[in-house]
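Chemist: The lines below spell out each chain.
There are 2 protein chains.
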Amino acid sequence: MNAEIIAVGSELLTPFRTDTNSLYLTDQLNQLGVEVIFKSVVGDDLKRLVAAAQHALFRSEIIIFSGGLGPTEDDLTREAVAEALGIPLRRDPEVLTAIERRFASRGWKMSANNAKQADILEGATVLPNANGTAPGQWLSGKVEGRERIIILLPGPPHELKALFEAECRERLRAKVPPAHIATRTLKVAMLGESHVDARIAPIYKRYSSVQTTILAGAGEIEVHFKSRGETLDAAQAAVDEVADAIEDELGDAVYSRDGQSLEQIVGYWLQMRGATLAVAESCSGGLLAERITSVSGSSRYFVGGAVVYSNPLKTELAGVPADMIERHGAVSREVAAALAEGIRYRCEATLGVGITGVAGPTGGTATKPVGLVYHALASDSGTEVIERNFPGDRKRIRRFASAMALDMVRKKLM
Amino acid sequence: MNAEIIAVGSELLTPFRTDTNSLYLTDQLNQLGVEVIFKSVVGDDLKRLVAAAQHALFRSEIIIFSGGLGPTEDDLTREAVAEALGIPLRRDPEVLTAIERRFASRGWKMSANNAKQADILEGATVLPNANGTAPGQWLSGKVEGRERIIILLPGPPHELKALFEAECRERLRAKVPPAHIATRTLKVAMLGESHVDARIAPIYKRYSSVQTTILAGAGEIEVHFKSRGETLDAAQAAVDEVADAIEDELGDAVYSRDGQSLEQIVGYWLQMRGATLAVAESCSGGLLAERITSVSGSSRYFVGGAVVYSNPLKTELAGVPADMIERHGAVSREVAAALAEGIRYRCEATLGVGITGVAGPTGGTATKPVGLVYHALASDSGTEVIERNFPGDRKRIRRFASAMALDMVRKKLM
Numbered sequence: 001m002n003a004e005i006i007a008v009g010s011e012l013l014t015p016f017r018t019d020t021n022s023l024y025l026t027d028q029l030n031q032l033g034v035e036v037i038f039k040s041v042v043g044d045d046l047k048r049l050v051a052a053a054q055h056a057l058f059r060s061e062i063i064i065f066s067g068g069l070g071p072t073e074d075d076l077t078r079e080a081v082a083e084a085l086g087i088p089l090r091r092d093p094e095v096l097t098a099i100e101r102r103f104a105s106r107g108w109k110m111s112a113n114n115a116k117q118a119d120i121l122e123g124a125t126v127l128p129n130a131n132g133t134a135p136g137q138w139l140s141g142k143v144e145g146r147e148r149i150i151i152l153l154p155g156p157p158h159e160l161k162a163l164f165e166a167e168c169r170e171r172l173r174a175k176v177p178p179a180h181i182a183t184r185t186l187k188v189a190m191l192g193e194s195h196v197d198a199r200i201a202p203i204y205k206r207y208s209s210v211q212t213t214i215l216a217g218a219g220e221i222e223v224h225f226k227s228r229g230e231t232l233d234a235a236q237a238a239v240d241e242v243a244d245a246i247e248d249e250l251g252d253a254v255y256s257r258d259g260q261s262l263e264q265i266v267g268y269w270l271q272m273r274g275a276t277l278a279v280a281e282s283c284s285g286g287l288l289a290e291r292i293t294s295v296s297g298s299s300r301y302f303v304g305g306a307v308v309y310s311n312p313l314k315t316e317l318a319g320v321p322a323d324m325i326e327r328h329g330a331v332s333r334e335v336a337a338a339l340a341e342g343i344r345y346r347c348e349a350t351l352g353v354g355i356t357g358v359a360g361p362t363g364g365t366a367t368k369p370v371g372l373v374y375h376a377l378a379s380d381s382g383t384e385v386i387e388r389n390f391p392g393d394r395k396r397i398r399r400f401a402s403a404m405a406l407d408m409v410r411k412k413l414m
Numbered sequence: 001m002n003a004e005i006i007a008v009g010s011e012l013l014t015p016f017r018t019d020t021n022s023l024y025l026t027d028q029l030n031q032l033g034v035e036v037i038f039k040s041v042v043g044d045d046l047k048r049l050v051a052a053a054q055h056a057l058f059r060s061e062i063i064i065f066s067g068g069l070g071p072t073e074d075d076l077t078r079e080a081v082a083e084a085l086g087i088p089l090r091r092d093p094e095v096l097t098a099i100e101r102r103f104a105s106r107g108w109k110m111s112a113n114n115a116k117q118a119d120i121l122e123g124a125t126v127l128p129n130a131n132g133t134a135p136g137q138w139l140s141g142k143v144e145g146r147e148r149i150i151i152l153l154p155g156p157p158h159e160l161k162a163l164f165e166a167e168c169r170e171r172l173r174a175k176v177p178p179a180h181i182a183t184r185t186l187k188v189a190m191l192g193e194s195h196v197d198a199r200i201a202p203i204y205k206r207y208s209s210v211q212t213t214i215l216a217g218a219g220e221i222e223v224h225f226k227s228r229g230e231t232l233d234a235a236q237a238a239v240d241e242v243a244d245a246i247e248d249e250l251g252d253a254v255y256s257r258d259g260q261s262l263e264q265i266v267g268y269w270l271q272m273r274g275a276t277l278a279v280a281e282s283c284s285g286g287l288l289a290e291r292i293t294s295v296s297g298s299s300r301y302f303v304g305g306a307v308v309y310s311n312p313l314k315t316e317l318a319g320v321p322a323d324m325i326e327r328h329g330a331v332s333r334e335v336a337a338a339l340a341e342g343i344r345y346r347c348e349a350t351l352g353v354g355i356t357g358v359a360g361p362t363g364g365t366a367t368k369p370v371g372l373v374y375h376a377l378a379s380d381s382g383t384e385v386i387e388r389n390f391p392g393d394r395k396r397i398r399r400f401a402s403a404m405a406l407d408m409v410r411k412k413l414m
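Residue numbers (this note's numbering), protein chains in the order written: chain E, 1 to 414; chain D, 1 to 414.
Rather than coming from a laboratory, the hints here were simulated on the basis of the structure.
All residues carry an ideal CB built from backbone N, CA and C; glycine is no exception.
Careful, some of the hints might be misleading.
[As the list claims (entries may be wrong)] PhoX-like cross-link-like pairs, simulated, lysine-lysine; straight-line CA separation at most 20 Å:
hint	chain 1	residue 1	chain 2	residue 2
1	D	Lys175	D	Lys205
2	D	Lys142	D	Lys175
3	E	Lys368	E	Lys411
4	E	Lys161	D	Lys395
5	E	Lys116	D	Lys205
6	E	Lys395	D	Lys395
7	E	Lys142	E	Lys175
8	D	Lys368	D	Lys395
[To be verified] Partial chain E-side listing against chain D, Cβ under 7 Å, derived:
hint	residue
9	Val41
10	His55
11	Phe302
Construct all of the structure, not just a fragment, from the sequences and the given hints.
Modeler: The structure is reproduced here in structure tokens:
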């Protein structure tokens, strides 16, 4: 079967916003064996929305709308789909009560405009939204003689994802002919994209039945494999063969085989080793701690740390000798090591990490340019320091630095 | 005038890639006074491309295609546009010679498939591509009685941008009626989307010439205004009138009038007041420090802080009395205040912030549910604590908590 995704919202037609919901939805649909053949973005304009819905109903078997379900006058998805299908909207008293209750539970009075979120396409199933006010809607049946599935989802990504998982995935699976698609992802730390491709292209080019895609981020590369087979086992065998060969080639630069993030892998190894971690960050400014604590349950192995932006604080919170900073400069191998050792001691952690560098765009010098970062890892077997010159802007340099530090912890423990 | 952008390529229909060319093109078009009314992504499929081109020709005055101009069998944009317009493609001998020369200059022999890149729509102007093999194409004239401009651009972003700037911008400016578009953005902290809309809709609805768009994030709302006028001054006056009226209505919840982020505004006020800031974070895990230090130059006012995930570290780094944690729990009004006061004292900062809460998804209890966060701000005039129950997942709760803390600092200083 095929599908198309229509993102609704004038803000998605500005230079500032891009539709990311469709990436998630495409992944989910592909896993069900559904191909996405068309994506579009339409503004908050009833006539254009109706036309877009009509084209979609003609062209595609599954049509997913994201956005335009809110309480404002600009939220027109319900009205547009009703008009395109030539069916009425009915205000659902149960949904209305649920919306009123949602407001009451927060001690707020519901303003009148919210009531339109209870307008349901005739014949549609209401999909409860655990994370927001507007419910989703599901409608399936014949449209001008062709079987169609029409799904309305809220635009905020966390609402859309939770609602798709809870209410749409299994409903779709029941409607879609069983397809056997196997996927696998390898994640690789701290190697360059062209370096990785040069090493693995001779391998993946031998397997024409497996689609291989390389995606590069700052310090992390993902290699995606996808194959469709007569059976799931056959598809999986094809994917595994190429993935295993590539994993052999890249060795311990591969940190994940099952989609886990670098943060999650570091958490896994810390728990496996019964170890704890503390960090002292200068140029990364809290990003490393933020990444580690983005994992639920990280309090089991992450003690905490210090963001030591000023030099006195490097001394006060992480015990870096003031004369060392004066002698070598705050961005130096010595201070990175002292940050790692000091925070480890201070927090009584198994491992201590120190990061100091020049994130830019200002602050660079001839000898210490923007992008220069020192990463240190202290343990009971001593302290290791890695110096790197990262390319890119402030955001990218900070991202690289945090990935490098996470990868040092991973390699220490694995 | 209006425009639409069609990105061509099956890789843009995978879960991994998103069309970013359209953001650049939208910005360029808006600056010329052209509104983008529709964007779509179509795979490398002739029939679907033809249908998409036909819809576009019916709907929009300017149609820009990006991608699908390469030498492979999958590169079908030229063929699809020719078919949609009912005109032939002609192989241009001059373009062919230029392509052959490009190969020869690199010492390569041109393979036969490259010749199709010299196929030009009858009547089109060839747009030389300084950075690649396939030239762009420009065609303008009547299509079924309506004036249309059709532009074909290569997909690689560096080729597309250079070609648009060198060959399309001035050509478009000459075709487009001089239009003057003014925009403005207000950013609002810590109010709900429907609450904001209920308050401001009666105002913006009075101004039909100004387009108002509301965008909601966790703890931050953006209200975008756009207007088109006979002169830039007229457009700006219209935008300013509605924006000023809405700013009056929302009062000090408006933190930015010129696109600056909450982090930048907090930095601005800290510098204005000659003040410094230190933070002690528990549930936000470094996100607040990361946001503050994402601003270049933040070392002028941000001293640093502590991520005190474990209870002993709350005592060790931020001086929270151990018996206070035992008596009230780590997630409490008292501990938030002690974190703010302790880190302020420890870092010798003008202001200290403390955050403690339950980010979830685990760790919630009946009395201290997931989403409960205490935010404290300590200064020489005492300590203020705000308790909030945030909705959403771990990521969203942490984002809300950091926005709340930033907003407390802003309100204290402004």
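Chemist: Would you mind confirming whether the straight-line C-alpha gap from lysine 395 of chain E to lysine 395 of chain D stays at or under 20 Å?
Modeler: holds, 19 Å
Chemist: Starting from lysine 116 of chain E, check that the Cα of lysine 205 of chain D is at most 20 Å away, please.
Modeler: holds, 18 Å
Chemist: So if I understand the rule, the pair passes when the alpha-carbon distance is 20 Å or less; does lysine 161 of chain E with lysine 395 of chain D pass?
Modeler: Cα-Cα ~14 Å, so holds.
Chemist: Would the hint on histidine 55 of chain E stand, with a C-beta cut-off of 7 Å toward chain D?
Modeler: holds, 6 Å
Chemist: Is the Cα-Cα distance between lysine 142 of chain D and lysine 175 of chain D 20 Å or less?
Modeler: Within the cut-off at roughly 13 Å; holds.
Chemist: With a cut-off of 20 Å on the C-alpha distance, tell me whether lysine 175 of chain D and lysine 205 of chain D pass.
Modeler: violated, 33 Å
Chemist: Straight-line Cα separation of lysine 368 of chain D and lysine 395 of chain D no greater than 20 Å?
Modeler: Holds. Lysine 368 of chain D to lysine 395 of chain D sits at ~18 Å (cutoff 20 Å).
Chemist: Should the hint that phenylalanine 302 of chain E touches chain D count as held when the rule is a Cβ pair under 7 Å?
Modeler: Because about 5 Å separates phenylalanine 302 of chain E from the closest Cβ in chain D, which is inside the 7 Å limit, the hint holds.
Chemist: Can the restraint linking lysine 368 of chain E and lysine 411 of chain E be considered satisfied, given a maximum Cα separation of 20 Å?
Modeler: violated, 27 Å
Chemist: Lysine 142 of chain E and lysine 175 of chain E were given as a pair; does the straight-line alpha-carbon distance stay at or below 20 Å?
Modeler: Given that 20 Å is the threshold and the Cα spacing comes to 13 Å, the pair holds.
Chemist: Was the hint right that valine 41 of chain E lines chain D, CB cutoff 7 Å?
Modeler: holds, 4 Å
Checked against the numbered hints listed earlier, the structure breaks hints 1, 3; every other hint is satisfied.
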